[in-house]
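Colleague: As you go down the protein sequences, you meet chains Y and E in turn. If you read the first sequence in this note's numbering, its first letter stands for residue 1, the second for the next number, and so on. If you read the second sequence in this note's numbering, its first letter stands for residue 1, the second for the next number, and so on.
If you are wondering where the hints come from, they were derived from the structure by calculation, not from laboratory data. Honestly, I wouldn't trust all of these hints.
With a straight-line Cα cutoff of 27 Å, these simulated DSSO-like cross-link-like pairs (lysine-lysine) come out [as the list claims (entries may be wrong)]:
{"hint": "1", "chain 1": "Y", "residue 1": "Lys21", "chain 2": "E", "residue 2": "Lys247"}
{"hint": "2", "chain 1": "Y", "residue 1": "Lys219", "chain 2": "Y", "residue 2": "Lys21"}
{"hint": "3", "chain 1": "E", "residue 1": "Lys258", "chain 2": "Y", "residue 2": "Lys258"}
{"hint": "4", "chain 1": "Y", "residue 1": "Lys197", "chain 2": "Y", "residue 2": "Lys219"}
{"hint": "5", "chain 1": "Y", "residue 1": "Lys230", "chain 2": "E", "residue 2": "Lys258"}
{"hint": "6", "chain 1": "E", "residue 1": "Lys258", "chain 2": "Y", "residue 2": "Lys219"}
Here the structure is a predicted model, which is why all the values come from computation and not from measurement.
Protein chains: 2
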Amino acid sequence: MAEDDPEGASEMLARLGVPGKAFVVGVTGPPGTGKSTLVDRLIGSYRSLGLRVGVVAVDPSSPFTGGALLGDRIRMTKHADDMGVFIRSMASRGWTGGLSRATSQAIRLMDAAGFDIVILETVGIGQSDIEVVGVSHVVVVVIMPGLGDGVQASKAGLMEAGDFYVVNKADIEGADAMVVNLLSLFRGRPRSPPVLKVSALSGDGVETLRSAIDVARSKFASGDPALRLKGIRGMIVETARGAVLAKLASVSESKAGKLAEEVMAGRLSVEAAAERLAR
Amino acid sequence: MAEDDPEGASEMLARLGVPGKAFVVGVTGPPGTGKSTLVDRLIGSYRSLGLRVGVVAVDPSSPFTGGALLGDRIRMTKHADDMGVFIRSMASRGWTGGLSRATSQAIRLMDAAGFDIVILETVGIGQSDIEVVGVSHVVVVVIMPGLGDGVQASKAGLMEAGDFYVVNKADIEGADAMVVNLLSLFRGRPRSPPVLKVSALSGDGVETLRSAIDVARSKFASGDPALRLKGIRGMIVETARGAVLAKLASVSESKAGKLAEEVMAGRLSVEAAAERLAR
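One chain only, chain Y, in its complex shape (with noise of 0.2 Å):
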């Protein structure tokens, strides 16, 4: 619903109360870095702690890659006889605002079905990708050592979405590099956040990260105003953004040619035209 009929699911989301049983847990990335390994770790962990765990995977969905991404999904399938984690993979093909919208109302979804935990994964590349994440309680930036083009494209803005730190891969050359290197762009803030080293495929150090998280969790089980806050403040603007775009999108399908022919006659110059748009 939230995918296909967003009024629909908005109108039911508006009769659903208050927001904010579950715990969300961001994890973004550059591509590669094995965020979906490490989710299926961290679905297992909470797991064997009982609790229940909805998963909304945000899918670039690529036309080239049904195998690496089906191998990705495949992979959480083990979860999928298993009654407590629900997940579900959202495309992100085409849509301009919409999926910001869309994410906050499957989490908000989730939280209304009675799930503890949602994990919201997203490649964490454009600045947009990244906003997403802004919906979560936590943030866990997921790296690996020697990443080179990838990391390229990682924006700066990862550097300051993350709550922890994984340098996942933990097992190739060069990952304590890259947590000295990590530690020295956090030298000089307040507070640096914390830097972990695991490997998803064996699953080392996923329980340390699971712990490390777990105390934001517990503040947030009790009540703690300041997590809670946040992560409503997120499903507002991300929800706003998405009806923003979503609009300016409908307007600029409608308008923006007649306006480019305005200014292609020296009528109008683009920015006043651009001001129309937007106004």
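Dock chain E against chain Y, hints included.
Modeller: Relative to the frame of chain Y, chain E by itself:
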């Protein structure tokens, strides 16, 4: 000025009259596909025709990758002494909407400064990154053989954005398979975009690409109104998007916290709060 004083640039641009002498080529694609090397080759090719070339390179500005990034830029600085070439890297660091506006402005300033060709290079991963190339007259999407996770990150948007598809690093195994793969994706469309094998490193195929682009360029040069309208329309929409997102960010800063408190107190739904914020 476009980066640091968008209002000032706006005023100046409003006085510069109708944009649209420069032919704008967007070059986008996942990280690591060799876009910068290809852009470097295109600069050389256009220069050999005596055309002046401006480049706007949207840099992900990762704090990790001084090295890789600098490498790209150094490669381009072989044109540093050439007065017919102007290259500007624009950081996407922490901007919300600002990038759309600054990119559109920078291109128009280069246009006004008399460049014949403006190349806009972006990492085409996030939806917003892809939308930035909407200001271009033609869009070249660059991919490479055997792209696993890198392509996994590429959104389907890429498959709709391109007028030309380049399989770069054509000497790598799998190039032909990738071409076939792409063509099969385009089957069923009224008109399949050209798919070209290129080795930006050796230069093979670059002239063929440039000639293919030249068909659109000569249409544009002969005053084709559809192409000019397309470019101007893109600039209007991008500038408007920038303005709208910047406004939302500033309004969120001052209002979202208060609205979140209302939601937490049960006096407002997330949807209603988002609608207020959006309005």
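Colleague: Hinted pair, alpha-carbon criterion (27 Å max): Lys219/Y, Lys21/Y. Please report holds or violated.
Modeller: 12 Å, holds
Colleague: For the pair supplied as a hint, Lys230/Y and Lys258/E, is the alpha-carbon distance within the 27 Å limit?
Modeller: Status holds; Cα separation ~11 Å.
Colleague: If you draw a straight line from the CA of Lys258/E to the CA of Lys219/Y, is it 27 Å or shorter?
Modeller: Given that 27 Å is the threshold and the Cα spacing comes to 22 Å, the pair holds.
Colleague: CA of Lys258/E to CA of Lys258/Y, is that 27 Å or under?
Modeller: At roughly 39 Å apart (the allowed maximum being 27 Å), Lys258/Y and Lys258/E break the hint.
Colleague: Taken at face value, is the distance from the CA of Lys219/Y to the CA of Lys197/Y at most 27 Å?
Modeller: 24 Å, holds
Colleague: Given the proposed pairing of Lys21/Y with Lys247/E, does the C-alpha separation stay at or below 27 Å?
Modeller: Judged against 27 Å, a Cα distance of about 31 Å means the pair is violated.
In summary, the structure is inconsistent with hints 1, 3 from the numbered list given earlier, while agreeing with the others.
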